[in-house]
Each structure stands twice: as C-alpha cells, then as structure tokens.
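Visitor: Spelled out from the first residue to the last, the chains are:
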Amino acid sequence: MSTTPDMDVATTASQFTTKDRPTWDLYSRCIHCGLCLNQCPTYRVLGREADSPRGRIYQVLLVDEGRLKLADEVVTHIDRCLGCLACQTACPSGVQYGKILERARTEIETNYQRSWLTEKLRRYFYGSVLHRFDKLASVAKLVRFYQRSGMQTLARSSGLLKLMGTQELDALSPRIDDDFFFREIGNVYPAVGERRGRVAFLAGCVASVAFAELNRATIRVLTRNGVEVLVSQGQTCCGALHAHGGYLEKARELARKNIDAMMADGIDAIVTNAAGCGAMMKEYGELLEHDAEYQLKARRFAAQVRDVNEYLAEIGLRAPKKKIAGRVTYQDPCHLAHGQGVRSAPRELLKAAGLELVEMERADDCCGSAGTYNVTQNELSMKILDAKMENVAAVEPEIVATANVGCMLQLRAGLERKKMKARVMHVIEVLDEVY
Amino acid sequence: MSFDEVITQLQGLLGAQHVLHRPEDLMLYEYDASVDKGTPGAVVFPSTTEEVAALVRLAHRAEVSVVPRGAGTGLSGGSISRDRGIVIVFTRMNRILEVDVANRRAVVQPGVVNLDLSAAVARYGLYFAPDPSSQKACTIGGNVAENSGGPHTLAQGVTVNHVTGIEVVLGTGEIARFGGKCIDTCGYDVTGYFTGSEGTLGIVTEITVKLVRKAEAVATLLAIYNTVDEGANSVVEITAEGITPTALEMLDGLTLRTVEEATHAGYPMDSGAVLLVELEGLREEVEEQAALVRGVCMRNGAREVRRAKDETERALLWKGRKNAFAAIGRLAPSYYTQDGVVPRSKIPQTLRYIAEVSKKYGLTIANIFHAGDGNMHPAILFDLRDPDQLKRTVAAGADILAYCVSLGGSITGEHGVGMEKNALMPLLFNETDLDVMHRLHDAFNPGVLNPQKVFPTPRSCRETGSASLPPELRRRP
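Chains as they are written, first to last, in our numbering: chain A, 2 to 436; chain B, 29 to 505.
A couple of the hints might just be wrong.
[Stated by the list, open to error] The calculated label-pair distances, taken between Cβ atoms and stated as ranges, are:
#1 Thr-373(A) x Tyr-152(B): 52 to 60 Å
#2 Glu-384(B) x Thr-77(A): 18 to 26 Å
#3 Val-396(A) x Thr-340(B): 18 to 26 Å
#4 Lys-322(A) x Ala-147(B): 38 to 46 Å
#5 Trp-117(A) x Glu-339(B): 53 to 61 Å
#6 Ala-44(B) x Asn-392(A): 28 to 36 Å
#7 Thr-373(A) x Ala-147(B): 52 to 60 Å
#8 Met-264(A) x Arg-342(B): 37 to 45 Å
I should point out that these hints are in silico values taken from the structure, not numbers from a laboratory.
Note that CB positions come from ideal geometry on N, CA and C, so glycine has one too.
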C-alpha cells in the first residue's frame, strides 16, 4: 500500500478569541445527518462538502478544536455562504446555523487579515457609511451622478465595464433615487378613515436612497388600510449587514439606537418592508441578551417587530378599490421564509389584489442576492440566479413578486439575463396599485 | 507508486480542480451521518463512467482503496475511507438521463437526489417509491449501495424492488451493464445482487429505476395511545387482520414529544405512543381499510384515532416522522441509533426488552421505528464527553442487537452494515455463509473497493477485543 500525505495541518489550540466566539453548545446540536445539503444553494451549485452547511459547521468546529487554521480556505467557504438560512428550515435538530455563521464571521473579522483594499472597503462601509445617513446620502449622490451624468451610459457602451469585469455588478446596482427618503424621517402619517392600528416604520439605510418610492408606497398602503404610521426620528440602519458581515458589536450599537428611537407608547408594531431588516430586528433580544440595561427592552422590541406583509395579513386588508389581473409567481425572500417563517401572508395579499398565483418549483431557494453577496461573490451569485430563473421561466409569470428589495434587484438582473419579459414587484407595490 | 504520484495522475485524469488532496479539504470527508470517522487520502469528482473506470484502474495499479460517496447521509460509515484511500463523490454525475413515462422508468446518474427525481416526475403523476428519511438529501446511487428503505417499504419494498438495471464499474476497472427497462430474468440476477452491496462489489454509475403511479386515494391515520404496549399490540393485529397499510410507523412518548417540539406536527404531548398508519389504493378500498384500522386501534386501547383531512395535514404528520430521527439531536449531545429487525409479532416484547436495557445501563432510549416491518430504531442518548456513558452505550447497543437476532431477526433492516456493524456479522452468519459471500465478493472486486466494510475483519475484532461495536463510537472527533 502506498503512503498518504502528511496530515499535519493541526495547530494546537482554538483559533477563536472573541467573546462572541462560536460555542460547543451551538454546534454540538449538529449531528451531521446531511439533511441540509440539498437545500443549500452553494452546495447545489458547487457540490462540495466544504460549501455546505454541515461542512461549514464542521470547519468552525475544526478551527475551534485547533485542527484547522483560520486561514484562506476556511474563510473562502464561510464567505461563500449566502446566509439564506434554508438549512435552518431543513434542519430537524434545531441547529442555529445563522448564529454559528455570524459568530464565525466575527472571529474572521477579528483574527484574519484580508487584503488591504478589501479590509479598507469593508471597514469604510460597515464602520462609517450604512448607519450614518449623512454619509450614506453623500455616497449615494456620487453613484447617482455616475448613473445620470452619462458616465454610466458611456461606461456601458464603451465596453469599459466588460474590460474591468464589472459589467454584472453594474447591472445589479440599484438606481439611486432622485429624492431620498431621509427628509421624511420624523413624520407622522395619519390613518385614512377609521384608525385600526398605529405602527413605527423602519426607513432602512439602502432603502432610503434607492427605494424611497417603495417606502412611500408602504406608508400609503398602511394608511389607506387604516394604520397610522410614525417614521420615528433618530432611527438608524437595523444592523443586519453588520451582523452578517462579522461586526456584531456595531450591530448591537445600532440595535440600542433603534430601540431608543422606535419604541413608543401606543404603537402596535414596528414595521419594515425589508425581510433582512425584519429578521434582524426580531433577533434584537438575543443580540443584546448580555446587555443588562437593554436586555428586557430588546426582547419587548423584538416581539413587536412585524414584516409589513405579516402585519397587513394580521389586521386584514380593507376591500381594495380595484383589482389587478395577471399571473404572478412569488419568490420567498430568505429572511422572510427561513428567517421569520412568513410564507403564507404575502401569498394571501397577492391573491387579495386579484392576481392569479402560480407557484414555481423551489420558490424558497435563495435567488443569490443575499445583501452584498451578489457584489462580493458575483460569479457564484449569478450561477444561483440562473438556476432560480429556470424555475421562474417554467411558470411563465407576468409578474414576479417578492418582499425584499435585494431580491428585486437580483430578479430584475435575472430576467434581463434570460431576456424574459415580466415585471418584478414588491408585494407592497402590487397593493399600492389597488388602493 | 507514491501517493503523490497517484494524486498527479488523478489530476491528469480529471483535471486538477476535481481532485482534493490538501488536508484541510480532506477533513470535510472524514464523516458521514454515522458515528464513524476516517480521513481519506484524496477526494475526486468524476463526471463520466469512463472517468470512474479510469480512476478505479489507477487505484488498482497503485493499490489504493476507493470508496464511493453520495451525499454522506449514511448511518453505518459506508462512505468513509478506513485506510486513507480515494473517495469518489458523485455531485457532478447528478443528471436525470431519461424519463420514460410509458414504461414508467427513469434512467439516472448516481448523484441524483432521491426527492429531486420524484419532483421531476410528479407532473406525470409518478414518483420514486423508496423513501428513506434522508430522501431530500440522499442520492439514488447511495440508495442502491445501501438497498435503502423507508416508511413505505412495507407496501412498496426496498430499493432492490425498484431497480431494473445498472451500469457498474467493477474493482478491476471494467464497465459492465446488467438489466434494463424490461423485466429481465435471463441469467443471474446481478442487478439484485449489487443492490445493497455497500460499494464492495462495484461502483454504480447509471441506474434504471421503476417509477410508481400515485394512488387514487390516500388515508393517513394517527392513533394515539397511553402506553407503548397498546400501540405495539395494534401493529400485530393490523397485519394479522390481513390489512395491508403502505406504512405503519410507531413513535414512543419521548420521541413524539421531541418531534412535536421540533416540527409542530400535531402529535399530542401527553400520550405514551402514537402509530402512524397510511393506506393507499382505490377510494372504496381505502375507506373500508381505514374503518378496519380504526377498529383495531380502538380495541387495543387507543385513546383516539385521527385522520388527516387534507394533503397539508398529511404532509405535517409525515414531516414529524421524517424529521424524528434527527430531532432526537435535541434531547442529548449525542445519540446512537441502530436498526435491528424482529418478526413484527415480537415487537411488544422487544420494546419491553429495550426498556430493561435502558434501566440496566442507566441510559435514556427513544424509540421510533418502522413497526410494520419490525424494523426497530432505538436511539440511545448519551454525552460523548463522558467516557463511561460511551462505554455503556456501546454495550447497550450490542445487547439490543443480540436480542433481535435471538428472536430470529437481523442486525440491520436498512442502514447497512458498513464499518459500524461488520464485527457483528458472525451473529447472523456462520463461517461457511461468510465464506460463500467472500467468494462472490472476490469475483467482482479484487479488494480495492470499499475495503474493511460489511465483512468482519480481524482488525476490528482485535481492536474491540470481542464481537462488539467499534470503540470509536463518537459523533465528532
């Protein structure tokens, strides 16, 4: 028998150092049964154990046991995770994969050196842009200038983007709004007719510069359904991008700020139109569980969080003024279906608007958008998107509805890639047309 | 040939990107869903039968072992390399090659996921019948290797009853084809012989399977009992009455409470056992049998017999059962499950014996099993950080399996022997029996394919010091 290579890559001790390190209690729930594998978009595309939920948990364990170094290989596989949480839905053992992932990423950001440029960019965005709405506005204005001044047209037509390999990224970047939503923060919008509820509304960071109109539509749909909407002064980014990116401390800071700003007397719910923000805010209780001062408030806050679809389905829609006809298919946003378990509410709302709902295969498979994933892992994201679009195309929809802005951008790019004609709409945009 | 040379040649055959050989990559293939571990020397991802044949020939020349792996959901270590050999993963051979609706056959590559095939043929009203609990992840190649069963085995049979043809790469690197789409009784039933051989005879590279038509009517009943005995007695009587359920599953109180917490399937938290009974067929026939089953259950002390009102309720009841095995992971840091078989008339006494074993060793044991087949699945709960508990777990497991054999049963119903139970084979087979199987083995495989599996090896006997389970009974390294 011939010899095998030396297996000595082991280090001696755990590579984890932070107070947010992944713990045995978290990953020992995984009995490596493998039921998650085929639900994982990256495993489905790459076919490698290292790019599956089970494999990622195992790598975290190996690093903790000191058998594996926190080096390029592990980081690559953890980076490739979409964080879609389809594995959590599939897992019968109740493994909190999302938590393990966030904690592993916190360790990576603390103990692993990325390339100079990546490091700088990450620090800049997570550290000082997303949650500082003045800076976010300045950055957005720059992008808007690029989009409107003719530079984008020039870059696209000249083949410059192709040359730089950023063609896909360009297609995915949202169109920056002419009129940011920031000025509307602090406003109160009274209910139309009899008041049936009162909610605090999260404006969101990226949504405020790229989806301001969707925010306005959300307020219109809510008020026309008898809900008073407070766009609480002093609110900030929900912290989801920070938490998923490995900046848990920053996420905690933002959570505290939102708790202070948005918890008001007499509100029935804290509402968002972004699945990722909703999933994050519902976890504020766990995020701040060791914060003596905020622990209780955070749990109360989390209990009040509702996705706008969930909230509307709960209170029941008023009879719409008109109906719209058409064939719609619904793409489950991961952080709504897997993160919050909200699946039937958006479907009910679409049907209530008069649309014919046709289910595509694997509607709750991630589209590959995943926050910043389609930018940072563009190639893989496009493969995941192409698989998704096969299922979309098979049901020949006129409208592809979803309930998260990231998914909307990705699906639009997907339709373009497939040269398909259909409208991508947020459920709220559909409702906005019938009220 | 040095192993480095083997790697170089593998890279030449498949392309460097389809060969893993760095330690950090190999560690990800040292486990499957069983309690066993073993790090391979290389992991390869072929895309054609010819590539598989070429790499087996290479392994043969270099005297390195080859182990096939589907999704790594197996429960007996079948896909683990015991001697740092080459693991072949089939994620690139995952295409459905043909769906022949008229003849109700599908031709698939081994990496196709079990449930993906059923999903792909659902529009024709057809499905692939073998339904192991891991069906949303496990592959058909793996099903063939392990001769997998599931809850519907009772009526539909195991995988061997649904495979009509195979293409295999033998241990010599030869490619052979047996069977096809038709009923084929000419010559030896090699297809049947390969199914369940756990990768020790050949590597299946193409499979022709039967597709089954969905029944006109389905009734799913949930009988709720205060005691395990009442449930067990109902099982015996249902089959004795000549009723033929498509599935007959039992969960004891501990299991059903855990499952309920995990899936909210609607199992009553305060009951001692539930029986899940499924009936399929023509509408009238199903109605008649449902009434009979209800009668038997009530006579045997059922508190209540519920019936799923629609497909959603049915799916929920099954979700509970399908996820039960892994949901047990919530109860303790570790658990160990076997799948010994007993004649179904002896289920009540076997359950009583398991309760005694539980008391004797001071270990909690959860029971969930294919009652219709007498295929027990006691899950022994323990904490692997406690060496004494580990020792007691091993002993308790061996006691239960020995008891199953003493009743005229077997050490495994569907999980396979692999490297987990190979030392127990002498409980079932004498020297002559084993020798016959050895000779059949040698006719196809000179030794390169999945060595040290299925057959008791001197090595594992020495290691354990007795015909007992391997000492490396661990869920994690």
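Visitor: Are the hints correct? Go through all of them and say.
Guide: A quick look at each hint next to the structure:
no., hint, in the structure
1, Thr-373(A) x Tyr-152(B): 52 to 60 Å, "42 Å, violated"
2, Glu-384(B) x Thr-77(A): 18 to 26 Å, "52 Å, violated"
3, Val-396(A) x Thr-340(B): 18 to 26 Å, "21 Å, holds"
4, Lys-322(A) x Ala-147(B): 38 to 46 Å, "40 Å, holds"
5, Trp-117(A) x Glu-339(B): 53 to 61 Å, "56 Å, holds"
6, Ala-44(B) x Asn-392(A): 28 to 36 Å, "33 Å, holds"
7, Thr-373(A) x Ala-147(B): 52 to 60 Å, "32 Å, violated"
8, Met-264(A) x Arg-342(B): 37 to 45 Å, "43 Å, holds"
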